[in-house]
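**Q** Residue-level listing of the chains:
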Amino acid sequence: MSSHLDLRDVSVSFNGFKALNSLNMSVCKGELRCLIGPNGAGKTTALDIICGKVKPSAGIVSFDGTALQDLEEYEIARAGVGRKFQVPSVFRELSVSDNLEVARARRTSVFGNLRWSIGNAGRDDIERLAELVGLTEQLDRPAAYLSHGQTQWLEIGMLVAQDAELILMDEPTAGMTAQETRKTAELFARLKGKHTLIVVEHDMGFVKAIGDIISVMHMGQMLAEGTAAEVEAHPEVRRAYLGSGGISHA
Amino acid sequence: MDQLIEQIVTGLSIGSILLLVALGLSIIYGSMGIINLAHGEFVMLGAYAAWVFHTYLGLGLLASLVPIFLVVAAFGWVIERYVLSLLNNRPLDTILATWGVGIMLQQAVRLMVGSELRYVQLPPALADSMDVFGIPISSYRVFLFVVSIALFGATWLLMNRTTVGMKLRAIIQDRSVAASFGINAKRVYALTFAYGAGLAGLAGALVSPLKSVSPDMGTGYVVDAFMVVVLGGVQSLAGTVASAFILGELSGGIAFLQNDTVAKTIVLLAIVVLIRFRPEGLFTARVRA
Amino acid sequence: MPSNISNSSGLQRLIAQLAPLLIVSALVFALPVLLNNDFLLNKVARYLVLGILTISLGLSWGFGGILNLGQAMSFGLGSYAMAMALKLKTVPVHTGASGLPDFMVWNNVQHLPWFWEPFRSLSFAIAAGLLVPALVAAGLGWFMFRGRVTGVYVSIITLATMVVINLVIIDQQSYTGGFNGITDLAQLELFGVAFDAYGRATYYLVAGCVLLSLLIAFAFTKSRAGLIVQAIRDHESRVRYFGYDVALYQIFVFALSAAIAGLAGMLYTVVMEFASPTFLGVQLSLSVVVWCAVGGRQSLVGAFLGAVLVAGMQGALSESAAFLETWTLVMGALFVLVVLFLPKGLAGLAQATCRWVAQRRQAASGAVGRGVSQTEGST
Ligand SMILES: Nc1ncnc2c1ncn2[C@@H]1O[C@H](COP(=O)(O)OP(=O)(O)O)[C@@H](O)[C@H]1O
Ligand SMILES: [Mg+2]
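Residue numbers (the numbering used here), protein chains in the order written: chain X, 6 to 255; chain C, 34 to 322; chain A, 641 to 1019.
If you're looking for bench data, these hints aren't it; they were derived computationally from the structure.
Be aware that a few hints might be false.
[Claimed, not checked] Straight-line C-alpha distance at most 25 Å; calculated DMTMM-like pairs for lysine to aspartate or glutamate:
hint: 1; chain 1: X; residue 1: K58; chain 2: X; residue 2: D69
hint: 2; chain 1: X; residue 1: K23; chain 2: C; residue 2: E313
hint: 3; chain 1: X; residue 1: K60; chain 2: C; residue 2: E149
hint: 4; chain 1: X; residue 1: K199; chain 2: X; residue 2: E237
Computed from a prediction, not measured in an experiment: that's the story for all the values here.
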């Protein structure tokens, strides 16, 4: 497998504070990469860089040979990058089915979208998606009425609907019950291969269940990469997590 | 040379009035994120209060300043408490609500005292003129300049050296964290709004001897004040001062050079361009969102 | 789009949503049967036109989240386009051989300015009445939305732009009629029908445009593009990460809204028989916001009715100056109350009531059902 996404010496600073300090990372096509690290390590910022929310002050982000760092957010999305945010971000006044419909961004131009939003194929697609994330009963309700866990599910469903090649998930299981977390792990296992995934997680059990290779970030840099066992044995990783009671409690 | 100095002094005088009017708006906008469209009406209320105190109670302007501040501040407090505090997290709606309140205040005054122009007397002690750098200028304008700087200083101290100011800054940073430290955000907001309104009232009272007093006098002031705040940058008191005096000097210049339509057009277009290209104002450092 | 059975619930919902729109339009068309008074009909036509203007604001504000405080700018541009064409139709009847509109003669203008020339053609004027507002809005939208100006700042820029255009129109008296506007117009004639401001034909023209505007706006809100615009209103930045160029959608809805406002402006000139700078004044522009908020910004029919009812009531009271003063106070209070407690306006109130009634009914029938099953269980 060739390198699909490449971050080379990416740096970002906020008012002089280096949130990312010459970060390097590469991910292969079809891989499910877990990204862990203590709070404030820069995981969210790394995803922000990839999806264009934050522009790097130095470094290159290349995806399938395209340099992403100079593109607008919508251009990056069109290039095949989808993003789930740490704070679940859905359209609260729209119904669940409309949320999914917006995410099914097959066409993106204004004039291409001047047509009825109730196609048959589309409706089937949305019902299938709703079933996948367990929101069939909620299809016609505004997203504002969903519980926190359901909102997380909706956003995950929206990413599946978007069908992006590279999917970035920022703490997707936060606020979910153990059972829901397990279901998420199953879903991710199914997406793997067809999509490339980068998942930021704190729950080591979850990480071990889904991840092949784990990347550990600390203070804006890549600290270690490897399997769960390798990473847990890594002395610098242990030091980074010291005080927060070890890696599995992070 | 003389003409230049005269120009500069006139600009400073206009600038001090702008600062007076903008200070309250700046506090409210900067700390609560509310564009208070009723600000002009608070100015108008202050001016009418000065007129009422003088006409019905025989009180001089200087003696009425403190009661005027308190009366208009009380208005502000009530409006924050019973209107704006219900509109958390709906910034567009706060604009609409303050505008509606402004219409009501304007109309209520019109119904009660009529729409004819009213005049407020200069304080006799300040009715003469004095020499500034060899230029004769009315003592009252010098007084306004001093008062505007003093009010700015007081406001700065209030924000930076008192517990209420500290609490307010904590709330601006993060409301929920501040709340968890036991800061009563509602009360602090109400006090802030009342203070801003009180300042507007003072501004209205202070300018009332220079301009005629009418129910719709506020409309012009709110535009000017808004311009000052936008130029100076939200959350920057020092920026407000700088922009007030810059605008004072500029409008002193423009007024002599051009006709009214051109001057107004320039001001409006400047607002538009500024918002588009530097929404954070001219005098604030650019920070990442 | 063809529909099959699996989709019929969607179709049913569509019809249910279309129903209020059709009922209101039917009432508008039926009114002349009940109201046999040309003077009153002209007044009603005026309120209907303001209703169209308010629909246009509902589209950009309620659906797009763009609070355009300068909506009257598009309205005014439309009304001037129509007035310019109708003014030229009076030449040379009113002003003799010079071939110039009367106010230009008074202002010593020698030749018809170049931008007046094409308005000799009525078709051009009508196209301009729609396209000029749309293009101005698109340009302004491009300026704002490409720079990611949002929320309150959009309101300020639109308001300031409108005031500038208003100032220019008043200032350029010799080309625009200045403060007095453009008066003494010819009657509009289309396809051989003369539209006298007090005639039935004009009323039906306005009614037809009400229906047309409602349908166009409705179709847009039900399109995918309309859905995306609503998503932008809810969470602008999120939409970008699905690959949509947010600014283009905002520009589109902004321009569409301006075109509808332009249509309303043209009709207003026909109904009022003049064009005036007050048509793009702050007063009117802010009134439209009040009507839209009171009627319900997220409901096209609500916005329309809000304008017709409130403007109508104001018109009825304006006979007496004292009343009008009190009315402004009452209006201000009503507006504040609506903003505070009815963010979806009267339309939202009506919807909530319908839902409440439906729930009550369901609860009642549910209780009956349970009662039956209980008796069954006990036997
Ligand atoms: N917009 C911002 N402005 C200032 N500092 C920021 C901003 N975003 C993130 N940071 C800082 O950058 C660091 C990395 O943050 P983040 O990427 O969110 O960490 P993580 O997701 O790993 O917990 C933190 O110290 C955070 O405070
Ligand atoms: Mg994070």
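**Q** Would you mind marking each hint as holding or not holding in the structure?
**A** Structure-based check of all given hints:
1. X:K58 x X:D69: 19 Å, holds
2. X:K23 x C:E313: 23 Å, holds
3. X:K60 x C:E149: Not OK: K60 of chain X and E149 of chain C at ~58 Å, beyond 25 Å, violated.
4. X:K199 x X:E237: 28 Å, violated
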